[in-house]
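Q: Those protein sequences? They're chains A and B, same order as listed. Here the working numbering is used: the first residue of the first sequence is 1, the next is one more, and so on. Here the working numbering is used: the first residue of the second sequence is 112, the next is one more, and so on.
One or more hints might be untrue.
Said to hold, decoys possible - Across the chosen pairs, the derived CB separations fall in these ranges: (1) ASN220/B x SER95/A: 23 to 33 Å; (2) THR116/B x SER83/A: 18 to 28 Å; (3) VAL123/B x THR20/A: 38 to 48 Å; (4) LYS164/B x GLU16/A: 51 to 61 Å; (5) THR20/A x HIS152/B: 16 to 26 Å; (6) GLU76/A x THR124/B: 18 to 28 Å; (7) PRO129/B x ARG67/A: 29 to 39 Å; (8) LEU13/A x ASP149/B: 21 to 31 Å; (9) THR51/A x PRO129/B: 39 to 49 Å; (10) PRO111/A x LYS164/B: 44 to 54 Å; (11) VAL82/A x LYS181/B: 21 to 31 Å; (12) LEU13/A x GLY162/B: 39 to 49 Å; (13) THR227/B x GLY78/A: 30 to 40 Å; (14) PRO10/A x ASN220/B: 36 to 46 Å.
What the hints assert, rightly or not - Listing some non-contacts, in silico: residues in chain A with all C-beta distances to chain B over 10 Å: (15) THR12; (16) ARG67; (17) GLN98.
I should point out that these hints are in silico values taken from the structure, not numbers from a laboratory. Just so we're clear, the structure is a prediction, and the values are computed from it rather than from any experiment. Idealized CB from N, CA, C, for every residue including glycine.
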Amino acid sequence: GNSVTQMEGPVTLSEEAFLTINCTYTATGYPSLFWYVQYPGEGLQLLLKATKADDKGSNKGFEATYRKETTSFHLEKGSVQVSDSAVYFCALSNSARQLTFGSGTQLTVLP
Amino acid sequence: DAGITQSPRHKVTETGTPVTLRCHQTENHRYMYWYRQDPGHGLRLIHYSYGVKDTDKGEVSDGYSVSRSKTEDFLLTLESATSSQTSVYFCAISEGDRGLGNSPLHFGNGTRLTVT
C-alpha cells in the first residue's frame, strides 16, 4: 500500500533560517506528490504539488522536487518567517479518489 | 474560498450516543471526503463520496457511516460513539472530476469531537 514518512517534529528555527522538512514515500506506479500546510485552528490548504518525476513545485518561497530515484519530496525554504509557523503535511495520490498523508511536522519560527 | 462549512465546530458527547457531523458545500463539487486528524497519525480517510448516494470506505471506516442524499451535503455518523473516536474531523472537497493529481483538496475548518 501507499505510505508517507515525514521527519518528526517539532522543528524550531530562528527567523531567516533555512528550512528542510524531509518526506519519503512508498507507492505503486507514478503518484502525484503534495505539501499541505495547516495554520492553527484551520483546515489544511495546498502549499505546492508535483505530478511527475523531476518536477519542482513552488509557492510562497517554498520548494520541493519530486525525486523518483530516492522516492523523496523534501520541502525547503531559504529564509523562514514567523508567519510560516504551522504544521506541514506531505501527501501522495496515485488514485483519482484518495490522498495518503504523512503524520505532519510542526514548525515554529522564533523572531 | 471553496465554500465548505462544517457543523458543529465543537461537540462533547457521551460514550454510546449517536453523533452526526455535517459538511455543507456551496459549489456542487462531486467529490467529498471525511478525514480524522490525530496526533502522530496525520490525516486518515474515513469515507468519501463521488456523487449523490455514491460512497466508499477509507482506511478507518469502522464505527462510522456516511450519507449523501444531495450534492451539497455529506453527513458523517457515529452510530455509538466511543472514546477512541475523540478526534478532530475534517471535511474536504475536490474541485475536479479528473482526480486528485489535478485538483487539490479544499478543507473545512474542522469539528472537534470529544467522547467522554
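Q: Confirm or reject each hint.
A: Results for each hint:
Taking the beta carbon of each, ASN220/B and SER95/A are about 26 Å apart, inside 23 to 33 Å as hinted. The hinted range of 18 to 28 Å is satisfied by THR116/B and SER83/A, whose Cβ atoms lie roughly 26 Å apart. About 40 Å separates the C-beta atoms of VAL123/B and THR20/A, a value consistent with the hinted range of 38 to 48 Å. For LYS164/B and GLU16/A, the Cβ-Cβ distance of about 53 Å falls inside the hinted range of 51 to 61 Å, so the restraint holds.
Under the hint 16 to 26 Å, the C-beta atoms of THR20/A and HIS152/B, about 23 Å apart, fit the expected range. At roughly 43 Å, the beta carbons of GLU76/A and THR124/B sit outside the given window of 18 to 28 Å. Here the CB-CB span from PRO129/B to ARG67/A is close to 47 Å, at odds with the stated 29 to 39 Å. Roughly 26 Å separates the CB atoms of LEU13/A and ASP149/B, a value that falls within the hinted 21 to 31 Å.
About 41 Å separates the C-beta atoms of THR51/A and PRO129/B, a value consistent with the hinted range of 39 to 49 Å. Between PRO111/A and LYS164/B the beta carbons are some 52 Å apart, a value that agrees with the proposed interval 44 to 54 Å. Checked against the hint of 21 to 31 Å, the pair VAL82/A and LYS181/B fails, with Cβ atoms roughly 43 Å apart. For the hinted restraint 39 to 49 Å between LEU13/A and GLY162/B, the CB-CB distance of approximately 44 Å keeps it satisfied.
For THR227/B and GLY78/A, the hinted distance range of 30 to 40 Å is not satisfied, since their beta carbons lie about 47 Å from each other. PRO10/A and ASN220/B have their C-beta atoms about 22 Å apart, which leaves the hinted 36 to 46 Å range violated. Chain B leaves THR12/A outside its interface by the beta-carbon criterion, the shortest separation being 18 Å against a cut-off of 10 Å. With a closest Cβ-Cβ approach of about 17 Å to chain B, ARG67/A is found to remain outside the 10 Å limit, as its non-interface label requires.
Not every CB of chain B lies more than 10 Å from the CB of GLN98/A, the least distance being 6 Å, so the non-interface label is violated.
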